[in-house]
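J.: Below are the chains, spelled out letter by letter.
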Amino acid sequence: MTETAIMKHTSYAAFHVLWTKPYLANSKSFSMNDAEILTMVLSALMWQKYNGSIKLYTDNRGYEFIIEHGLLSLWDKGIDTEVLEKNTYPIDPEIFWAAGKLMALENQTTPCVMLDTDLIVVHSIHEQLEQADITALHAEILEPDVYLHPSLLKQPLNFKFPDCYNWTVSPSNTAFLFIRDESFKKFYLNESKQFMFNNSEKPKELVSQMVFAEQRMLSICANLIGIPVTYLISDPFTLSNLDVIHLWGFKSLLRENRKIQNLFVKQLLNTLGKELSTNAFYLHFLESHFHNQPKHLQPVSDILLQSTTF
Amino acid sequence: MQVESDFTKDNTPQVSNDFRQYIFKLAEDIVLYSGSFEKKKKNLRARCEREIVNYNSLEYNLTLFFELVEDYSKSNDQVLYRFLKLQAGFCFIEVTDFVGLQIASAGQANNGSQSSDKYKNKNLESTSSNQQSGIVGGHLFGLD
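Line by line, the protein sequences are chains V and G. Residues in the first sequence are numbered consecutively from 1, following this note's numbering. Residues in the second sequence are numbered consecutively from 1001, following this note's numbering.
This is chain V alone, in the form it adopts within the complex:
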């Protein structure tokens, strides 16, 4: 695939979000481990290589983190700190820990792609997006202990779910979300905000309100408007998936097990890293992050010596 062949397609504008407020609600500091940082770097660079431009929305603490790790020029469309830093919505970041994504989406003009930092699209997906109005990663199972019955969902005072909501539609995993139409985006975000604003009664699990506001709401809104939601992959674990790596729940294992973290880093460098062997940012990133490693990361160093020229 030549660069010319890639560029003849539309460039899809994507964005990452790094909202540290939910982390800082529980902890004094924000951090990401090497594997998470590498995944975010590959996510941005692979998107630029095959699909289009990408921007980062973050807040001041996130921006400091980006500077500390030498990532300022990772996003070709730059970094926005205004949207998240100046947002005054009455949203509890502990309950709605992914609301920063929706705030950023509100600011982003459509068509656009909301891309989680732990998701890497490894090929061009122009053909899938050209045919769709809404594309999410995959459909979710309506698990009753995650996607709670409306009567069990914590809600704002005096809030009532509209009667027209179809509670039987499958939620959509929004680690990847493409929206073409601006009016649909506004409708979806408006419905979501009505549920999130002043909704501060904490559930037992700190998940149900967020996944409702983001993932189930998307499908309910699409169903209401009559726009079909298409999916990048038919199910999360299908081997016919040739396009997407998503760390998903694996992040918890990565955080618990440093050995797995190192092995994962090594394997990503050995595989996807080859795709970026001429990318100047990537080579600089490798040098600054992995060149002077402690002994326990030795195999990664070995790979760097073999695969880079610095």
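It is possible that part of the hints are untrue.
[Unchecked claim] As a list, the in silico BS3-like pairs of lysine-lysine whose alpha-carbon atoms are at most 27 Å apart:
1) K28(V) x K1025(G)
2) K1039(G) x K274(V)
3) K259(V) x K1025(G)
4) K1025(G) x K1041(G)
5) K1074(G) x K259(V)
6) K259(V) x K1085(G)
[To be verified] Residues from chain V that keep clear of chain G, each with C-beta distances beyond 10 Å, as calculated:
7) E64
8) I67
9) G78
10) P90
11) M103
12) V122
13) L153
14) K160
15) F184
16) F237
17) D243
18) N257
19) H284
20) F290
These are computed hints drawn from the structure, not numbers from a lab. Where a beta carbon is used, it is the ideal one built from N, C-alpha and C, also for glycine.
Dock chain G against chain V, hints included.
T.: Quick look at chain G alone, frame taken from chain V:
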């Protein structure tokens, strides 16, 4: 538009079948019969020299493999099992031999049953998985 990439191609150096068998027996002794890796290192170094294999790298990889076997025995995490298989490859242990080590996969042990327990954790990024440590597209970077 689909792009053919070669980034999943295996780059593991080639070694003789004899060497593979030797490594498998070594692993088998340690994993199945609680043998000591320390006592085998001298011989391993000599075998590596004969095979022109980087001893330090292999020693690191085998140590990591045995540690992961131990981690796996405690957690039965299916993703960890996939990484264990991957690590076996770095130790020149082939898939068929790996099976011979009788490390039962969590998928076999519990039929891969999905759990929603992770939703009960205060995991800020557990957005939607119903797998404890599920990863999407692991096969795209070499996980079986």
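J.: Now tell me, hint by hint, if it's right for this structure.
T.: Going through the hints against the structure:
Only pairs whose Cα atoms come within 27 Å are accepted, and K28(V) paired with K1025(G) is rejected, the gap being roughly 49 Å. Using a Cα cut-off of 27 Å, the hinted pair K1039(G) and K274(V) is violated, with the two alpha carbons roughly 38 Å apart. At roughly 24 Å between alpha-carbon atoms, K259(V) and K1025(G) fall within 27 Å of each other, so this suggested pair holds. This hinted pair checks out: K1025(G) and K1041(G) have alpha carbons roughly 13 Å apart, not beyond 27 Å.
Restraint check: the Cα-Cα separation between K1074(G) and K259(V) comes to about 15 Å, which is no more than 27 Å; the hinted pair holds. This hinted pair checks out: K259(V) and K1085(G) have alpha carbons roughly 14 Å apart, not beyond 27 Å. Distance check for E64(V) against chain G: the nearest CB is about 19 Å away, which clears 10 Å, and the non-interface claim stands. At roughly 22 Å from the closest C-beta of chain G, the C-beta of I67(V) stays outside 10 Å, upholding its exclusion from the interface.
For G78(V), the non-interface assignment is confirmed: its Cβ lies about 24 Å from the closest Cβ of chain G, beyond the 10 Å cut-off. For P90(V), the shortest C-beta to C-beta distance to chain G comes to about 20 Å, beyond the 10 Å cut-off, and the non-interface label holds. With a closest Cβ-Cβ approach of about 16 Å to chain G, M103(V) is found to remain outside the 10 Å limit, as its non-interface label requires. At roughly 6 Å, the least C-beta separation between V122(V) and chain G is not larger than 10 Å, which violates its mark as non-interface.
Every C-beta of chain G lies more than 10 Å from that of L153(V), the closest at about 14 Å, which supports listing it as non-interface. Distance check for K160(V) against chain G: the nearest CB is about 26 Å away, which clears 10 Å, and the non-interface claim stands. Every beta carbon of chain G lies more than 10 Å from that of F184(V), the smallest distance being close to 21 Å; the non-interface claim holds. For F237(V), the condition that its CB be more than 10 Å from all CB atoms of chain G is violated, with the nearest at approximately 7 Å.
A Cβ of chain G approaches the Cβ of D243(V) within 10 Å, the least distance being about 8 Å, so the stated non-interface status is violated. Its closest Cβ contact with chain G, about 6 Å, brings N257(V) to no more than 10 Å, contrary to its assignment away from the interface. H284(V), annotated as away from the interface, keeps every beta carbon of chain G farther than 10 Å; the closest lies near 20 Å. A cut-off of 10 Å between C-beta atoms confirms that F290(V) is not in contact with chain G; the least separation is 16 Å.
The structure does not agree with the numbered hints 1, 2, 12, 16, 17, 18 stated previously, though it agrees with the rest.
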